[in-house]
Structures are given as C-alpha cells and as structure tokens.
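Colleague: All chains, please: the whole structure from these sequences, using the hints.
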Amino acid sequence: MNINVSRRGFLAGSAATAGALLVGLNAKGVLAATAETAPVTDFNPFVKIDADGTLSVVIKHFEMGQGTTTGLTTLVAEELDADWARVTTEFAPADNAKYANLFFSIQGTGGSTSIANSYMQYREAGAAARDLLVRAAAQNWGVDPASITVEKSILSSGDKSGHFGEFVAVASTLTPVEKPTVKTPDQFRLIGDATLHRKDNIGKTNGTAQFAMDVNLPGMVYAAIQRSPKFGGTVTGFDDSAAKNVAGFIAAQVLPNKAGVVAFAKNTWAAFQARDALSVQWDLSKAETRNTAKMVEDHKALLDKPQFNASPETTLDEVAPVMAGAAKTIDAEFTFPFLAHAALEALNCTIEPTKNGVRVYDGCQMPALTRPTVAKILGLEPAQVEIKTLYAGGSFGRRANPDADYNAEAALAFAVSGRKVPVKLVWSREDDMRGGYYRPMAAHRAKIGLDGDGKVIAWDHRVAVKSIMKGSLFEGMIKNDVDPTSVEGVTESLYSVPSFGIGLSDFQTPVPVLWWRSVGNTHTAFAMETLMDMLAHETGQDPIDMRLAMLDPQGASQARMINAIKLVRDISGWKKGDKRGFACHFSFNTCVAVVADITVKDSSVHVNKLFMAVECGVAINPDVIKAQMEGGAGFALTAIMRNEITLADGEVEQQNFPDYELLRNGEMPAVEVAIVKSNNAPTGVGEPGVPPTGPALANAIFAQTGKRIFDLPMTKAGFEFV
Amino acid sequence: MQYQLKINGETRTVDAEPGTPLLWVLRDGLELTGTKFGCGVAYCGACTVHVDGSPTRSCQTFIEDLVDSEITTIEGAQDKVAQAVQAAWREKDVVQCGWCQSGQIMSAIGLLSENPKPSDDEIKDYMQGNACRCVTYVRINDAVKLASQKLEA
Chain G
1 MNINVSRRGF
11 LAGSAATAGA
21 LLVGLNAKGV
31 LAATAETAPV
41 TDFNPFVKID
51 ADGTLSVVIK
61 HFEMGQGTTT
71 GLTTLVAEEL
81 DADWARVTTE
91 FAPADNAKYA
101 NLFFSIQGTG
111 GSTSIANSYM
121 QYREAGAAAR
131 DLLVRAAAQN
141 WGVDPASITV
151 EKSILSSGDK
161 SGHFGEFVAV
171 ASTLTPVEKP
181 TVKTPDQFRL
191 IGDATLHRKD
201 NIGKTNGTAQ
211 FAMDVNLPGM
221 VYAAIQRSPK
231 FGGTVTGFDD
241 SAAKNVAGFI
251 AAQVLPNKAG
261 VVAFAKNTWA
271 AFQARDALSV
281 QWDLSKAETR
291 NTAKMVEDHK
301 ALLDKPQFNA
311 SPETTLDEVA
321 PVMAGAAKTI
331 DAEFTFPFLA
341 HAALEALNCT
351 IEPTKNGVRV
361 YDGCQMPALT
371 RPTVAKILGL
381 EPAQVEIKTL
391 YAGGSFGRRA
401 NPDADYNAEA
411 ALAFAVSGRK
421 VPVKLVWSRE
431 DDMRGGYYRP
441 MAAHRAKIGL
451 DGDGKVIAWD
461 HRVAVKSIMK
471 GSLFEGMIKN
481 DVDPTSVEGV
491 TESLYSVPSF
501 GIGLSDFQTP
511 VPVLWWRSVG
521 NTHTAFAMET
531 LMDMLAHETG
541 QDPIDMRLAM
551 LDPQGASQAR
561 MINAIKLVRD
571 ISGWKKGDKR
581 GFACHFSFNT
591 CVAVVADITV
601 KDSSVHVNKL
611 FMAVECGVAI
621 NPDVIKAQME
631 GGAGFALTAI
641 MRNEITLADG
651 EVEQQNFPDY
661 ELLRNGEMPA
671 VEVAIVKSNN
681 APTGVGEPGV
691 PPTGPALANA
701 IFAQTGKRIF
711 DLPMTKAGFE
721 FV
Chain Y
1 MQYQLKINGE
11 TRTVDAEPGT
21 PLLWVLRDGL
31 ELTGTKFGCG
41 VAYCGACTVH
51 VDGSPTRSCQ
61 TFIEDLVDSE
71 ITTIEGAQDK
81 VAQAVQAAWR
91 EKDVVQCGWC
101 QSGQIMSAIG
111 LLSENPKPSD
121 DEIKDYMQGN
131 ACRCVTYVRI
141 NDAVKLASQK
151 LEA
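Residue numbers (full-length UniProt numbering), protein chains in the order written: chain G, 1 to 722; chain Y, 1 to 153.
Hints were generated in silico from the structure; no laboratory data involved.
Careful, some of the hints might be misleading.
Claimed, not checked - Which stretches of chain Y does chain G cover? Using the computed rule of at least three CB atoms under 8 angstroms from a CB of chain G, they are:
1) 81-92
2) 101-113
3) 147-153
As the list claims (entries may be wrong) - Okay, derived cross-link-like pairs now, DSSO-like style, lysine-lysine, Cα gap no bigger than 27 angstroms in a straight line:
4) G:LYS300 x G:LYS286
5) Y:LYS6 x G:LYS601
6) G:LYS258 x G:LYS420
7) G:LYS609 x G:LYS575
8) G:LYS355 x G:LYS328
9) G:LYS579 x G:LYS328
10) G:LYS305 x G:LYS470
11) G:LYS575 x G:LYS300
12) G:LYS609 x Y:LYS124
13) G:LYS609 x Y:LYS145
14) G:LYS576 x G:LYS716
15) G:LYS707 x G:LYS576
16) Y:LYS117 x G:LYS266
17) G:LYS677 x G:LYS183
18) G:LYS609 x Y:LYS80
Yeah, the Cβ is synthetic: ideal placement off N, Cα and C, and Gly gets one too.
Modeller: Here is the structure:
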C-alpha cells in the first residue's frame, strides 16, 4: 500500500469533489472560468474553489523553503478576501504554455523571480474569481453586485450572506471580465501582514510534507550510481561480484552515457552498499587532474590578459592612460573556491512507467528543462512525460540545472532497468558533495586610480571564472562572448565610477559549475564591497558616507539603495569611526545593506549581530522576507568563513559534512531586519541577502584587526569562528 | 532476518539484515518518511528519532540493537511536550525547506523533556548537533523558548 503518493495525484487533493470553480487562463491566454466537472483541456487554473468553500491556489513555482507557496497564495487570497485558514495549495503540473515564469517564458523557478513575475498574474486571477462570485451571489439574491461585500470567504449583502462554495456552481457559468479590477495598496489586508503564517507550516512540522525522497511506489526499485572519481571520466568496465554479496542487490548496469555504473537494489541502504561494492574501471584521459593550487594559479594567469571586454562603456585599453595619470592606486587580488550547494535533501528522482509514458517525481525547479531531458533519453514526446512536483529539501540553485543532471541520471537508470517498474535514484551525501555543479572557483584583480584629492578617476577590474552558461541551454543569454553571470555585481554596480573597465576571462575545466544562491554576486559583491571599504579607509572617509556620495539619487535603483543604506544606518546606530563592518549590494533588483557587529579575540571571531535593511518593493509577506534575509545571511557566513571544495589530482577531497561544515546553531548571530517601505513592484528576496553579508563581515574584521581578507574562505587567513 | 520493533506504540515486524540502520528501515520499509536522511554519518541530525525517550541518530543506530526499545518518530510525537514544540514552531514560522525540521523538533522535544526551562546557551548547546542549511536557527531558538513558556503555563 502506498501511503505517500496518492494514485489520484496530489493535484486533485481535497478538490477531488465535483463542482469546483476553476479560474485561470484559457488557450488564448485570457481569463476564463469553468467548472471542474467540465472538460478542462487548454485551460490552466490558478484558483480552485470547492463547493465547501475551500480555496486552493495552484502554485506554478516549486517550494524549496523560499516561501512561494505562501507568497503566491497571499496574492490570490488578498484579491478574493479569502479566509487565510481555509486556503490550501497544490503544485502545478509541468506545462510551459500554461505555467511559464513570465520572466523566462518557460516554466521554472530561479533568479529570485517567483513573486516578481507572478505579482499581477496571481492577483488578477484572484480578482477575477472574486468578481465571478460576487456576480453569482447578486444573481442568486437578486441584488446589485455593488451592494455585496466580501470578508474572510463570506459574501454579504444586507441580511443575506453565504460562503464562497455556495456560489461556485453559478459562478462557473459566468464569463470573467477581461481586465479585473485589482485592489489599491490601501485596501490590502493580507499583503504586508507580518503575522500571516506560512502555508507549509503544518506538514513540515509533523512529518507529513511530501518531498521527492519520500516517494514510495509499489514494486519500486532503488538505484545508486558509482560515478567517475575525477570529473570527465568514462566507464570502460566493471565487476559486480562483491555487490552480489549485498542482501537486496538486484543488478548493476553501465549507464548508456558511460558516466557511471548504476546498482539496483530493494532498498536505499542496499543500493548504497552495492554501489560501494562495485569495482569500476575508468578512462580518465579527458578528466580533470589538477590540484586546487594549480587551478588558482591558472585563474590568476588569466587575469593578466582578459579575453573579453565586459564593460558596456569603457575598455581596459581606454582605462590604461587614465590610470597612468593617477596620483595613487589601490590594488587588490581576490580568490574564491568552488562551493557545493549541499542542500540537506540529497538529490534524488523517481521515474514510474505510465500507460502513455512516464511520471517523474521530483522537487522540480525547472520543469521546462527536466521534461524534454527525460523525454529525449527515453525516446518519448515531452507530452508523455508527466511531472509531479513535490517539496524540495533545499536547492540554492542546484536543482535548476540546464543539464537536468540528476533527472537525466534517473532516466538513464530507468532506461537500463527495463522500464517495467518505478526506479528511485538516490544520491548519498558523498555523491552530493562530490557530484560537481559547484559555484565556480573565481579570481578578481582590481586597480583603482585616485587623483591628488583622493577622488576615483579610473577602475580596472578583471575577473577569471568558468562560465556557467556557455555550452548550456542558456547560451543564448551570452552577449559579446560575456556570460553575464560571470561579472554581474561588477557590471551592474550602482556606484558612479568614471573610466570603469571590466575584463573577463573564461576558465576551462571539466568540473561542472552552476548558479549557487546569488550566482556571480557570491564573488563580485565580496570583491566590490571590500574594495569600497579599502577606498574609504585610504581616503579617510566614513564607509557609509562615501557610498552615499557615490550613488546618484536620480537613478531609480540608486535611490532605492540610498534608502536601504540610510535605514540600516538608523537601526544599527552607525557612527563615524564605527568599528563594525558595512557592505551593501544590488542583486536580483533588490537592494540590501548590512552592518556586521563582531568580537575578535586574537584570531578568533564571533559574529554578534547583523543589521540588515532591504528594499524589495512592496513587501508581500514581511515575515518571509525577514526569514530569507536571516537565512541568506547565515548561508553566506558559512561559505565565507570556512567552506571550500578542493581537488587533489582532480579528485574532490571533501566527502561529507565533517569536511564541509555547515553553520551551526551556536554560531548564528542575532539578526535584525528592517524593510524599506516601498510602493515599487516586488523584487527578489531569496538570494539578495547573501552577497553583502560576507564583505560586511570582512570589513568588520578589518575594522577591528587591520587585516584585509582577499582569499576565501576566511580560515585561510588564520581566522577561526566561535 | 525478521525483527519486531516497537515504533510509535505499535509492534511492527520488519525484514532486514543485521547492520541495517534504523533510518532506512523507517523510510523504505515502514514508509515512515517523516524521519529524514541528511548525511548518513550521524553528523547533521536530520534523522533524529527518540529511542527510549532520548534523541538518537537513526542513521547510525542498527536494527539488531533495538529489539527491546521504544522508538518514537515525528509521526508518533504527540505528548504534551511535542504538542508545545510543534505549536511553537508554527507560531514562529520556523520552517523553510523543512528537510531538517523533523530532526530539529525531535531534539527540541528531548531538550524540553529533560530541561523544561533551558537558558539561551543551553538551547544553543543542545541544538548544536542539528544542522539547518536554510539557517533557521534564530527562529528555532525562539520557538524552543516559546514552547518552554507554553509548557510552564
């Protein structure tokens, strides 16, 4: 008996009753309504209302903890004036045409865009549903629709009242207005309410929330893969005689792409044991064989002669003569290690045969990538691949992979299994730590030219990093050979800097790289904000005053950043000569400013408190925003302090968490978050808390010790964190 | 081999080899998937269950050692302390991705069962073994405090 995954599908959920009202977009992309009992091809509901009045919001983005199930639900419930306690959520199926991220044109989650792209779409769907219910009630009661008020899922007019469900049948026969009227901000009841609780709160505290790794299907076999010890190796042969001694072992097969050998077994434990017992021979002739030290050296060499010009205005050749006239220069070189995402739910994916194709169970971040990848491997049409999205136990970018690597592995394993029974691929922690797709290693070199008065006259900035997008499905986003994710945060700097040249070189390695929570900003913000602190120190200016002076208030983003900086200055009580660290950064259209308060004793650092101010437009769920700032800051601290993935002769040295220490409870500082009041359209919050936190800590360490940190993680500079 | 285990107040018969971690017996065999796999080396705490009332890492606890033990998983955590902890977790909106939270909650129940009024430092010390990649620690500690207040009331 399968207790975890209903055969009827989770989409049905509680809405399996007849007669629910569906409101969404029809095939022409215009708002439409229908009854759930009617044929609903070419119709994508965002809103479902049951006959019992339960509102269910269909979530087109996946939930990795960032709060989409709460956020998108808030938008619909707001416009409907629904009772928050009676609102449920369900994940949308895979369908690019119907559930695209409006910023990507395909279905997927990333770049902190979930709220930003859905803001009007989900509000309008809610407003259209409200209008239908109001008109249905007016018809039933024979009253003027204008006389009807809605509160907490109850419609009222005079002495008449009734809950949503009572009007579902009539409402589903009406035609929605073309452009529903949405609320004005002064009418918001749920948007901006900091006391609203998360929608995934119950299931994630009683063990019932369904994650992909929790899928148990009848007849399912478990799969674990032995992969090349060095990136880029291929299988030449294997011996499974030792695996045959593992109870529960079924069989082992070479994956069709020769990237590994898969062991099938009757449970996860047996699959891991059998996989470990396989003896595999590899062709490593094309594999990475360098050590980390050599790779750092090779990055630095690439800074001598940048391959591409990444600045829209100024080339490095144009900067050179200006720099030559500088009275003084500030020089710095930074290095950054590979980083693993290390989400706590190790990667996994289950594929089940269906009558027409397959069903994929995944904490699926990019259905638009997973679906065609699985279809192609299995020789199916994308329409034959159904995706069941479940909660994801973290991602931080790892699941948004253009290669859809672990989905592809699951499909390859399913293909060689005979395709008769469900196959669940599970990664061990070691697989996850050593499996690549890291935040790329990077190096920066910067020279800032100052005139006799200490004014910046030129800035030469060079970056060497492996491109994430080149050679991937996202290649189309490359312009003039420059992968924007390699230099974002430098190219998008808000500061007014004359003669600002940016050079880029692509590092080459078989080590696969990927976006890691805040992507290029993970290194660019550290370099930029350390340089700004050096500049302030060299020129005897207050770090905050200097930044404010370098931001043009006429610029829209600059004006927002100024507000964030002033707010964090206020809440932290920052004073001239302050011995704390300051940094700010603009990313994903959001401005975050941070003050880090630390205590240093000899080389041991304790982070006492972080003050954070964020300008992210209209704050839909202030408490979720606060949680994302807290989490983003903590995520950044772990990495900046001590995390690195290193290679010895091309092999990853870290195995498990003991070698890649996550931040622990006692190390987390207090965090005070303030949100700038704003009527701007909402912008991202999942990632922007990460970039400024690291440099704020580094600048605090400088303020207290006089020591600059250029090579990450900080443990390399001899600091320890307590 | 067949083993009889007492889990959440029921006797369950499972078929597993000696040396099999309790974690996989729970997740794959008994479909008690509220207990999570994080590291497999008793380092992150995601797999925490109670064995005879004590928080225990199920990924390094082997089936043959559990025959006379009372095992409680998140699915069976229902006593007064558990209810206070879960209510506090919801009021403080602790969860993000949620993967570590069953383990966090089982540890918090363990803490408050033996020390109903922990200090801030005692909370941090006790909860140190449960890693959260989303870094929800600020709220975890607030929620433990709140649960402690609830139990006192």
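Colleague: Given the proposed pairing of LYS609 of chain G with LYS124 of chain Y, does the C-alpha separation stay at or below 27 angstroms?
Modeller: With a Cα-Cα distance of about 16 angstroms, the restraint between LYS609 of chain G and LYS124 of chain Y holds, given a limit of 27 angstroms.
Colleague: At a Cβ distance under 8 angstroms, does chain G reach at least three residues of the segment 147-153 of chain Y?
Modeller: violated (count 0)
Colleague: Between the alpha carbons of LYS609 of chain G and LYS145 of chain Y, is the straight-line distance 27 angstroms or under?
Modeller: Given pair LYS609 of chain G, LYS145 of chain Y holds - Cα atoms ~19 angstroms apart, limit 27 angstroms.
Colleague: What's the verdict on LYS609 of chain G and LYS80 of chain Y, does the C-alpha distance respect the 27 angstroms limit or exceed it?
Modeller: Between LYS609 of chain G and LYS80 of chain Y the Cα gap is close to 34 angstroms, so the pair fails against 27 angstroms, i.e. violated.
Colleague: Is the hinted pair LYS575 of chain G and LYS300 of chain G satisfied, with a Cα-Cα distance of at most 27 angstroms?
Modeller: violated, 38 angstroms
Colleague: Take a quick look at whether LYS117 of chain Y and LYS266 of chain G sit within 27 angstroms of each other, Cα to Cα.
Modeller: Roughly 45 angstroms separates the two Cα atoms, so the pair is violated.
Colleague: Three residues minimum, CB to CB under 8 angstroms: does the segment 81-92 of chain Y make the cut for coverage by chain G? Let me know.
Modeller: Our answer is that it holds, as 4 residues pass the Cβ test (under 8 angstroms) against chain G, meeting three.
Colleague: Do the alpha carbons of LYS258 of chain G and LYS420 of chain G lie within 27 angstroms of each other, as the hint requires?
Modeller: Within the cut-off at roughly 22 angstroms; holds.
Colleague: With the threshold set at 27 angstroms, check whether the alpha-carbon distance from LYS677 of chain G to LYS183 of chain G stays at or below it.
Modeller: Answer holds: LYS677 of chain G to LYS183 of chain G is near 18 angstroms, not above 27 angstroms.
Colleague: Within 27 angstroms, alpha carbon to alpha carbon, are LYS707 of chain G and LYS576 of chain G?
Modeller: holds, 20 angstroms
Colleague: Given the hinted pair LYS6 of chain Y and LYS601 of chain G, is their Cα-Cα distance within 27 angstroms?
Modeller: violated, 50 angstroms
Colleague: Is LYS576 of chain G close enough to LYS716 of chain G, meaning Cα to Cα at most 27 angstroms?
Modeller: This hinted pair is violated, its Cα atoms lying about 30 angstroms apart.
When each numbered hint is compared with the structure, violations occur for hints 3, 5, 8, 11, 14, 16 and 18.
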